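Asker: Produce the entire structure from the sequences given, and follow the hints as far as they go.
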Amino acid sequence: MRKDDLLLFSANLAPGTNGHSGAIRVLPQYDNPPTHKWLETAILRYRPKLPKGHLEFGVFPDPKQKTLARIEARWMSNHLPIIVFSSRRPTRLQVESWIQSSEFRRVKRWIEPRGEEGVWLVTRKA
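Each residue of the sequence shown is one higher than the one before, counting from -13 in the numbering used here.
The reader is advised that the hints may include incorrect statements.
[Stated by the list, open to error] For lysine to aspartate or glutamate, the following DMTMM-like pairs were computed, each having C-alpha atoms within a straight-line distance of at most 25 Å:
no., residue 1, residue 2
1, K(-11), E82
2, K23, E42
3, K94, D(-10)
4, K111, E82
5, K111, D(-10)
6, K50, D(-10)
7, K50, E82
8, K50, E89
9, K52, D(-10)
No lab work stands behind these hints, which were simulated from the structure alone. Computed from a predicted structure; not experimentally measured.
Answerer: If you want it as structure tokens, here you go:
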């Protein structure tokens, strides 16, 4: 990005200040019959075939950033999980911290009332 360029980005958030508990609040958006059906259909088409098993959803720390909550759908077969879907859910404060530690500065921020989605407009620091 050049000076005076703008970048608009959005993030699915974990509402509140605790990423894990915020991700648990939004977990039902993922752990529901339509999402199970969608993922199970994809798993049936996956090659090589996955062993017989079932889906389990949960909230786990991101392997590369332990304070970042990650919603995962795991295909469980013989107690061996295979991650078939994941969604990282930072808190608003985590996104703000990432912006502050980068070469960007926040121009504007919009957070929807439940705190589950956010949009940021940033530019390069002077």
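Asker: Between K(-11) and E82, does the CA-CA distance stay at or below 25 Å?
Answerer: 20 Å, holds
Asker: Checking one constraint from the list: CA of K50 to CA of E89, max 25 Å. Satisfied?
Answerer: Holds. K50 to E89 sits at ~21 Å (cutoff 25 Å).
Asker: With the threshold set at 25 Å, check whether the alpha-carbon distance from K50 to E82 stays at or below it.
Answerer: 19 Å, holds
Asker: Are the Cα positions of K111 and D(-10) separated by 25 Å at most?
Answerer: 9 Å, holds
Asker: Assess, step by step, whether the Cα of K111 is no farther than 25 Å from the Cα of E82, and give holds or violated.
Answerer: 14 Å, holds
Asker: Does E42 lie within 25 Å of K23 when you go C-alpha to C-alpha?
Answerer: 13 Å, holds
Asker: K94 and D(-10): Cα distance at most 25 Å?
Answerer: 14 Å, holds
Asker: Hinted pair, alpha-carbon criterion (25 Å max): K52, D(-10). Please report holds or violated.
Answerer: This hinted pair is violated, its Cα atoms lying about 34 Å apart.
Asker: Please work out if K50 and D(-10) have their alpha carbons no farther apart than 25 Å.
Answerer: 32 Å, violated
Hints 6 and 9 from the list above are not met by this structure, while the remaining hints are.
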